[in-house]
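Quick note, the sequences are listed as chains P and W, same order. Quick note: the first sequence uses the working numbering, first residue 1, plus one each step. Quick note: the second sequence uses the working numbering, first residue 1001, plus one each step.
One should not assume that every hint holds.
Unchecked claim - Just a few of them, taken from the derived set where beta-carbon distance is under 8 Å, the chain P residues facing chain W:
#1 P14
#2 Q41
#3 F68
#4 G69
#5 V71
#6 P93
#7 V123
#8 L124
#9 R140
#10 T287
#11 L291
#12 I293
#13 G295
#14 T297
These are computed hints drawn from the structure, not numbers from a lab. For each residue, glycine too, the CB sits at the ideal point set by N, CA and C.
Residue strings, one per chain:
There are 2 protein chains.
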Amino acid sequence: MLSVTILGNNSAVPAFNRHPTSQVVTQDGTNFLVDCGEGTQIQMIKYKIRRGKISHIFISHLHGDHYFGLVGLINTFNLLSHKQELHVFGPAPLQEIIEMQLKVADTAICYPLHFHTIKENAVLVDNEKIKVSCFRTNHRIECYGFLFEEKEGKRKLLIEKIRKLRIPISFYNSLQEGRDYITPKGEVVKNDSVTAPPGRAKKYAFCADTKYDEQLIQHIYGADMIYHETTYLDNMRDKAEARFHTTTRQAAEIARKAMVKKLLIGHFSSKYASLEPFYQETKEGFTNTKLAIEGSTYEVP
Amino acid sequence: MLSVTILGNNSAVPAFNRHPTSQVVTQDGTNFLVDCGEGTQIQMIKYKIRRGKISHIFISHLHGDHYFGLVGLINTFNLLSHKQELHVFGPAPLQEIIEMQLKVADTAICYPLHFHTIKENAVLVDNEKIKVSCFRTNHRIECYGFLFEEKEGKRKLLIEKIRKLRIPISFYNSLQEGRDYITPKGEVVKNDSVTAPPGRAKKYAFCADTKYDEQLIQHIYGADMIYHETTYLDNMRDKAEARFHTTTRQAAEIARKAMVKKLLIGHFSSKYASLEPFYQETKEGFTNTKLAIEGSTYEVP
């Protein structure tokens, strides 16, 4: 299962109890943090995100509302005697900024902390469960979106049938990998009679900050869910263009052209008290739209 | 009137809905911000602090829980089209850290922003209303406390008496400055018959992070109120010593020896869920003790 929990859904300035960008992508018990605006660690406490489960942090770009909470989180991990590895991915000079602040505080990090400077279309994580890659978006400064692609899992055991046939537990792994089972008497139990196909591997794209740009489509085409910014309502297209942001109807258009299944919208300007008009406008262009609400979790369908 | 509003009362890690250090010292309509931990700008919104009234920010030291919210606040002022001057005081290399982050975001600050690197016993602000100076505390890294000393104000007009004698408004300033009034007929109205003495000038000291150190006393002696950290309860004296922090009874001892009138305690370790034991222990050594509670305002008596 792949899901996204929103910690911050606002653009630049905190307002109306909305916070700067941060979200947790969860896959099979692993938490990936995407962006880390100021106050993210406080939002994590509020929404009971298990900080210790975070092994990877991806920073899209170096506008403050996307990373000013990172140094505090790294510091907190240290104070809480975090043990496991933490991998931080972001554009240069993120590492320099963080390390300078740790140095002046005379702070030595007690857990394995690895910085990775990201570049266009790089594969950032690739293991048996998931692949995470990045792609450039069209923003005022160097900015990246992130694509999470699940790997196809193992076949699912039909446990009642397996027990009826008294297949020993030591063969379960082999069944999950698709092999048939041979009984002690030499009878063949066909794999698909005791297992079901694995769940479909899903694809989620975080499109970061960007102006309307169809170049994005090639990276997110056919995704099961995307998060696309809608900083402004559609009557602000000129301002959106000038500030390298996107409006509601523009985000819907990208989602439609990219043939995605579900569109999550966020990064709302602090000038708007109500988010309902964002939902209404976007939905007109793309039906399966959801507002990114802080504390809510969205399953990738 | 001199008062202190607490925005964050916790040490290093946010916990139990307590936030890292920040407080607003208000004198006669001017807001001075002292320390600016992560989330300070969000606390300001919550407690309705008028951000536009902040002209000076004092950063005690470069441990993150005292300044990680600064760059966000400076950035927010910019996005809100702040106009007035902002003076930021802190140890080197605070300016470098902030400017680096603004530079990588391609942010040009649109209001007059002035950094001042602080040194031992420097006078930071000195105008007709207030003097602010700094003093070294005994912490793991370079750290400063701040002393706020009101200037004696003008005499207060006894407005009913003044009206009865038909003294023209144009002479009010002269009366406030202590001069007598001469009527058109040449009669002398003695100043103290129509004015009262000014309110007493008050003194408040923020003692920052520090281990127990009687060297502090010379700087805060006779203050009307001090804020002193009590990171730990008194059974943790060894840990406090090792980490350059203070316990409850130690803070009370400093307050007593420095002959201050009121003691405000804060910077509580995130290991403690309840603050009541801090109050009880400190009060035993110094009766006029108050717990620093977020959102509360404490008048300097």
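Hints and how they fare:
1. P14: holds, 5 Å
2. Q41: holds, 6 Å
3. F68: Interface hint status for F68(P): holds (5 Å vs cutoff 8 Å).
4. G69: holds, 7 Å
5. V71: For V71(P), the interface hint holds, since the closest Cβ of chain W sits about 6 Å away, which is under 8 Å.
6. P93: holds, 6 Å
7. V123: violated, 25 Å
8. L124: violated, 20 Å
9. R140: holds, 6 Å
10. T287: At about 34 Å, which exceeds the 8 Å cut-off, the nearest Cβ of chain W leaves the hint on T287(P) violated.
11. L291: The hint is violated - L291(P) has no Cβ within 8 Å of chain W, the shortest such distance being about 21 Å.
12. I293: With a closest approach of 18 Å, the I293(P) hint is violated.
13. G295: violated, 15 Å
14. T297: violated, 22 Å
Of the hints listed earlier, those the structure fails to meet are numbers 7, 8, 10, 11, 12, 13, 14, in rising order.
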